[in-house]
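Participant: Here's the letter readout for the chains.
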Amino acid sequence: MTTTAVVRRRARLHTLANPRKSGTLTFLTGLFTLYCLVPLIWLTINSTKSQADFVSSFGFSFGQRFALFDNIVEVFTYDGGIFTRWLLNTVLYVVVGAVVSTFLAALGGYALAKLEFTGKRVFLFVVLGAISVPGIALAIPQFLLFAQLGLTNTPWAVLIPSFLNPFGLYLMWVFAAEAVPTGLLEAAKIDGAGEFRTFWQIALPMLVPATVTVLLFSFVSIWNNYFLPLIMLKDPDWYPLTVGINQWNKLASTAGNGELLQNLVVTSSLLTIIPLIIAFISLQRFWQSGLSLGAVKG
Amino acid sequence: MSATERMTRPAVAVPVPGGAPQHYRRRRTRQIGWAFVAPFGILFALVFIVPITYAAYLSLFQDRMVGGPSFVGLANYTKLFGDAQFWDGVTRVVSFTLIQVPVMLVLALVLALAMDSMRLRGMRFMRVAIFLPYAVPAIVSTLMWGFMLGVRYGLFGSINGWLGTDIDPFRPSTTLISIGIMVTWAFTGYNMLIFDSVLKAVPQELYEAAAIDGAGEFRVIRAIKLPALRGSLVITVIFSIIGTFQIFNEPQILPSMVANSGITTYYTPNLYAFNLAFTGSQQGYAAALALVMAAFTIAIAYAVQIRGMRDALDQ
Numbered sequence: 001m002t003t004t005a006v007v008r009r010r011a012r013l014h015t016l017a018n019p020r021k022s023g024t025l026t027f028l029t030g031l032f033t034l035y036c037l038v039p040l041i042w043l044t045i046n047s048t049k050s051q052a053d054f055v056s057s058f059g060f061s062f063g064q065r066f067a068l069f070d071n072i073v074e075v076f077t078y079d080g081g082i083f084t085r086w087l088l089n090t091v092l093y094v095v096v097g098a099v100v101s102t103f104l105a106a107l108g109g110y111a112l113a114k115l116e117f118t119g120k121r122v123f124l125f126v127v128l129g130a131i132s133v134p135g136i137a138l139a140i141p142q143f144l145l146f147a148q149l150g151l152t153n154t155p156w157a158v159l160i161p162s163f164l165n166p167f168g169l170y171l172m173w174v175f176a177a178e179a180v181p182t183g184l185l186e187a188a189k190i191d192g193a194g195e196f197r198t199f200w201q202i203a204l205p206m207l208v209p210a211t212v213t214v215l216l217f218s219f220v221s222i223w224n225n226y227f228l229p230l231i232m233l234k235d236p237d238w239y240p241l242t243v244g245i246n247q248w249n250k251l252a253s254t255a256g257n258g259e260l261l262q263n264l265v266v267t268s269s270l271l272t273i274i275p276l277i278i279a280f281i282s283l284q285r286f287w288q289s290g291l292s293l294g295a296v297k298g
Numbered sequence: 001m002s003a004t005e006r007m008t009r010p011a012v013a014v015p016v017p018g019g020a021p022q023h024y025r026r027r028r029t030r031q032i033g034w035a036f037v038a039p040f041g042i043l044f045a046l047v048f049i050v051p052i053t054y055a056a057y058l059s060l061f062q063d064r065m066v067g068g069p070s071f072v073g074l075a076n077y078t079k080l081f082g083d084a085q086f087w088d089g090v091t092r093v094v095s096f097t098l099i100q101v102p103v104m105l106v107l108a109l110v111l112a113l114a115m116d117s118m119r120l121r122g123m124r125f126m127r128v129a130i131f132l133p134y135a136v137p138a139i140v141s142t143l144m145w146g147f148m149l150g151v152r153y154g155l156f157g158s159i160n161g162w163l164g165t166d167i168d169p170f171r172p173s174t175t176l177i178s179i180g181i182m183v184t185w186a187f188t189g190y191n192m193l194i195f196d197s198v199l200k201a202v203p204q205e206l207y208e209a210a211a212i213d214g215a216g217e218f219r220v221i222r223a224i225k226l227p228a229l230r231g232s233l234v235i236t237v238i239f240s241i242i243g244t245f246q247i248f249n250e251p252q253i254l255p256s257m258v259a260n261s262g263i264t265t266y267y268t269p270n271l272y273a274f275n276l277a278f279t280g281s282q283q284g285y286a287a288a289l290a291l292v293m294a295a296f297t298i299a300i301a302y303a304v305q306i307r308g309m310r311d312a313l314d315q
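So the protein sequences, as listed, match chains A and B. One point on numbering: in our numbering, the residue at position 128 of the first sequence is 128, and numbering is uninterrupted. One point on numbering: in our numbering, the residue at position 95 of the second sequence is 95, and numbering is uninterrupted.
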């Protein structure tokens, strides 16, 4: 290596944007990273064990036999394949809920940012106030009302509350105010486009980054929702994965037939989180910019 | 919210010179905004306003064994304020919040500053890895931690076996700490990313100016980075308080996994409300509890927000 190369290399290392790496800092952050990953490693290792190995072997070592595929087959066939049903229910709740709530948030957020109408401030005030109403405190009143309307124990009881995303509306509002030029909208209107066409053809394409973020976060919150379906649904045929897994967990822990199902509980848990992890890792670019939007503007 | 002020500035509220028809047309177009917000508004009424009103109405009744619900006025509320089980849960979530929220947010803040310092190797990997727990449902997280920390099949069973110790993270005295470990695991990364994205938005010139002035790393953190984080800190404090006040999933799921964890049916206010409504069938009382907790949470969220705003004004 020539001297100039060494000098250049050192110069590059010491810029503001790329300072010298710190071993101590990397180590300490690495420790926290380990804390975050350990349970996921545990879950992955244990979903490869048979029920007998799960009970007898150490948590972070593999079992006698690599039983991952047997476990997956068992998850999908146990109790007449109810897991497939729960998976499809979850997909139904997530897809319909996330798409509808994101569309309504885009529609409303756009109108709040770009259209003037009487009562807008009151509307904003009430909806933004709702963000701080604890969801669980709300779920019991919702249950009581839905029971009165005969909606409990139907998919609607899970779907209707998921159609509403006040935080999504807020994100869309902030994003539309920044990213959609008012002049462009006025030009479209002068050319004779109606309000809805202007929204659909001009504004919506510009809202794509915010839309992906809101979609992803609705996707996660509906996929992970536990309390709402737990109280709204009695019939296991309508359970989403979260409530279903908890039912298996309860079965596994009950005296009598206990300790027979833990391999299913662990493997089904792993299967449940894989789609979310894939979604988050592959859509990083979008949600990281979306998050910054909410944070900076807040 | 400061953004509220800025964004609602009317864009077209200029008086229109010229004939009345145009003015009329403008008025009419302006109301079309309602058509855009109507679907959201109707659902909002159905999911927020009507249930809260209905719960307020129900909270005025008590379910009697004989004769069904009867009107009791505010008796449910007076009963609630004298209910030792309710206060036990409230005290528990308040003390949990006072410890867990600062610990989590300080960790998130330090991690965000570490990421932003650019001094880490493998920074991109660690950022995603620390955020991943946010994507894990509470049921799965409780199962994993319950198995791992449990003495029956978990790590502590093995550790106790090797060392001859008798550590049990799910003793009544330590269960809440174990829950704190789970909640911190789940949400630190999310808060870290919020701080991280705020730091990314700090103009690079500020750092260059600081470097020219000879400011060291910690001086830059104190003078530039922490003030920039103030607004997002208020937001994360509010959302964390809202989250911990309604803690439910972990104490609801854990008792089926570990025996003698000390988790009662009234361990947290939400668990108590749930048990009252669904196993005790005291719906009026549960409705009163849910409303009081909602009011309590909102009051604290606003108090934090107002304090945070006043601090920001003082700057």
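It should be emphasised that the hints constitute simulated quantities derived from the structure, not laboratory data. Check each hint, because a few of them may be wrong.
To be verified - Residues of chain B placed beyond 12 Å of chain A at every Cβ, according to the derived structure:
#	residue
1	S59
2	S70
3	A84
4	S95
5	W162
6	D166
7	I167
8	D168
9	K200
10	Q246
11	T265
12	A290
As the list claims (entries may be wrong) - Among chain A residues calculated to face chain B with C-beta under 8 Å, some are:
#	residue
13	F117
14	L138
15	A188
16	I190
Glycine included, every Cβ here is placed at the ideal spot set by N, Cα and C.
Participant: A separate judgement is required for each hint: does it hold in the structure or not?
Facilitator: Against the structure, the hints come out as follows:
1. S59: violated, 9 Å
2. S70: holds, 17 Å
3. A84: The assertion about A84 (chain B) holds, with a minimum of 21 Å to chain A.
4. S95: S95 (chain B) is indeed farther than 12 Å from all Cβ atoms of chain A, at 18 Å.
5. W162: Since the minimum Cβ distance to chain A is about 10 Å, W162 (chain B) lies within 12 Å and the statement is violated.
6. D166: holds, 18 Å
7. I167: holds, 15 Å
8. D168: Label holds. Min Cβ-Cβ 16 Å, cutoff 12 Å.
9. K200: violated, 7 Å
10. Q246: violated, 4 Å
11. T265: holds, 15 Å
12. A290: The assertion about A290 (chain B) is violated, with a minimum of 5 Å to chain A.
13. F117: holds, 3 Å
14. L138: holds, 7 Å
15. A188: violated, 13 Å
16. I190: violated, 12 Å
The structure shown violates the earlier hints numbered 1, 5, 9, 10, 12, 15 and 16.
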